[in-house]
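Please work from the sequences and hints to get the whole structure.
Residues per chain, in single letters:
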Amino acid sequence: MFIETQVKNQLYYHHNEAINSDFAIWIMDFISSFSENFWIIFFIIGFIIILISFILILYLSRSKQKNYR
Amino acid sequence: MLKQTNIYYGWLIVAALFLSMSLSIGTRQGFGIFIDLWSTEWKTNVSSISIAASIGWLVNGLSAPIVGHLSDKYGPKIILIFSSIIISISSILVASSFNVLTLSIYYGLLISFSTSTGGPVGILLSKWFAKRRGVAMGAVMAGGSIGSLFFIPLLTFITLNFSWQLAWIVMGSFGLIVVVPLFIIVLKNDPSELVNFATNKDTEVNSNIDEEGPLWVKEWTKAYQSKPMWQLSLGYFVCGITTASISVHFIKWAISQNISTSEAALSFGVLSGINGVSVFCSGYFSDKFERRYILAMVYFVRGIAFLCLLLLSGQIALWSFAIIGGMSWLASVPLTTALTSEIYGNKKLGSLVGLINMSHQIGGAASVILFGIVFDYYGNYDLGLWVGVITLIIASIVSFSINEKSYSSRFYNKAINQTT
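Here the protein sequences come in this chain order: R and L. Under numbering that gives the first Met the number 0, think of the first position of the first sequence as 0, with each following residue one higher. Under numbering that gives the first Met the number 0, think of the first position of the second sequence as 0, with each following residue one higher.
I should point out that these hints are in silico values taken from the structure, not numbers from a laboratory. Just so we're clear, the structure is a prediction, and the values are computed from it rather than from any experiment. Heads up, the beta-carbon is just placed ideally off N, CA and C, and yes, glycines get one too. You may find that some hints are simply not true.
Claimed, not checked - The following residues of chain L were derived to be distant from chain R, with all beta-carbon distances above 10 Å:
hint, residue
1, 32
2, 99
3, 155
4, 229
5, 346
6, 386
7, 389
Unchecked claim - Across the chosen pairs, the derived CB separations fall in these ranges:
hint, chain 1, residue 1, chain 2, residue 2, range
8, R, 58, L, 400, 30 to 36 Å
9, R, 47, L, 130, 30 to 36 Å
10, R, 58, L, 164, 30 to 36 Å
11, R, 39, L, 164, 19 to 25 Å
12, R, 40, L, 400, 50 to 56 Å
13, L, 226, R, 51, 25 to 31 Å
14, L, 410, R, 43, 47 to 53 Å
15, R, 34, L, 148, 33 to 39 Å
Unchecked claim - Residues from chain L that face chain R, not an exhaustive set, calculated with beta carbons under 8 Å:
hint, residue
16, 15
17, 159
18, 163
19, 181
20, 306
21, 309
Structural data, given as structure tokens:
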């Protein structure tokens, strides 16, 4: 009975694991409560930051490796 | 101008690991978003889909020592490259899942096996950092918390506006385009791979080369013949008990206190945000003081957070727990890894970190079941929370009693130098 209840109601979740299904419902509502444009701008900014970091890490890595040789 | 920058190469490795950690933890935490969609589309129930998550959880715990051992044998770089390739391709394959079996193979088996990278990450950072090891490990772990704040909304947004398949393809492609090339180009197993490292004046590299300790092992089994390994494993076991139980039962606890699901979920989000900062700070302070003090404090603070759930009620308990608990949530990870590397050396660090991680997962599994039984029997979580408080106090005392000054390479080397 206990295990059945556990499995029905929630997913195992840990530091790096799947999130609680209640949280999933909440995050869906949360995302829907903002406009599409807001999220598009948010993600574009995020991707630009990731892209700049990516290029910067690669550039510095190559220049550092050259300096060591 | 950039060529003249004097950034230590190890920080570029930290940056690469930060990006990969943000992606891998973000993806795994997003798993729950898809449950209802899958159950509707595949005409199955939630319990069947949760099998994939359960398999993933078990595989992740049991594979940690294996991945760690492989890292000891072949070096962390190649293991991390292969892991990132498998995670990326498997994420794309998840998009082609059409039933629970295929999901269990792609997510439960392949992704979960490849994400147990605590060992190789620990080795890599231990070899590149000595004086600022805590900060480096904390910064990488913070990537997980910060990544969740970006990737979970991204996954949700794509799923809501397009399809869940596209969400997984985007995540997999991101791994292949960003993480894999970064790992191939940036990661170096050891500072010695940079040819002229010996002439480098950076104190991080030089202090790392000089490291040694009285308990440094060449066989992982030898570590279990000394006290610190048991002390670290016990602390991490308790860490598993307290984090897993809360992660699974927190929202149910909130409902039992007449708190809305959305407020409970929001407070858990706040906890994750605070955690991103605290995990970095704990690493920073552990480089300044003995790590055992910070580790003991982390468990003690978490004990206070548990006590808040017991002694306070309603929303005050909820938000007190979110704020105080957030200060300690993932902070034990960099501290335990750093202590293990300094007490037992880098030779078998992957295996040792993997084994300690396994004790963490076992503690987590046991507590999830225990908390559930307690709730079914008593109708509240009080007994389970008291177990949390008591075990955290024990973990705090045990961590505090680690004889770091005698065994850690940080202090052992200084003592030797003073003697000679």
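Consistency of the hints with the structure:
no. : hint                       : verdict
1   : 32                         : 5 Å, violated
2   : 99                         : 13 Å, holds
3   : 155                        : 5 Å, violated
4   : 229                        : 22 Å, holds
5   : 346                        : 25 Å, holds
6   : 386                        : 17 Å, holds
7   : 389                        : 21 Å, holds
8   : 58(R) x 400(L): 30 to 36 Å : 47 Å, violated
9   : 47(R) x 130(L): 30 to 36 Å : 33 Å, holds
10  : 58(R) x 164(L): 30 to 36 Å : 34 Å, holds
11  : 39(R) x 164(L): 19 to 25 Å : 20 Å, holds
12  : 40(R) x 400(L): 50 to 56 Å : 52 Å, holds
13  : 226(L) x 51(R): 25 to 31 Å : 47 Å, violated
14  : 410(L) x 43(R): 47 to 53 Å : 49 Å, holds
15  : 34(R) x 148(L): 33 to 39 Å : 19 Å, violated
16  : 15                         : 6 Å, holds
17  : 159                        : 6 Å, holds
18  : 163                        : 12 Å, violated
19  : 181                        : 6 Å, holds
20  : 306                        : 22 Å, violated
21  : 309                        : 21 Å, violated
Of the numbered hints given earlier, the model fails hints 1, 3, 8, 13, 15, 18, 20, 21; all others are met.
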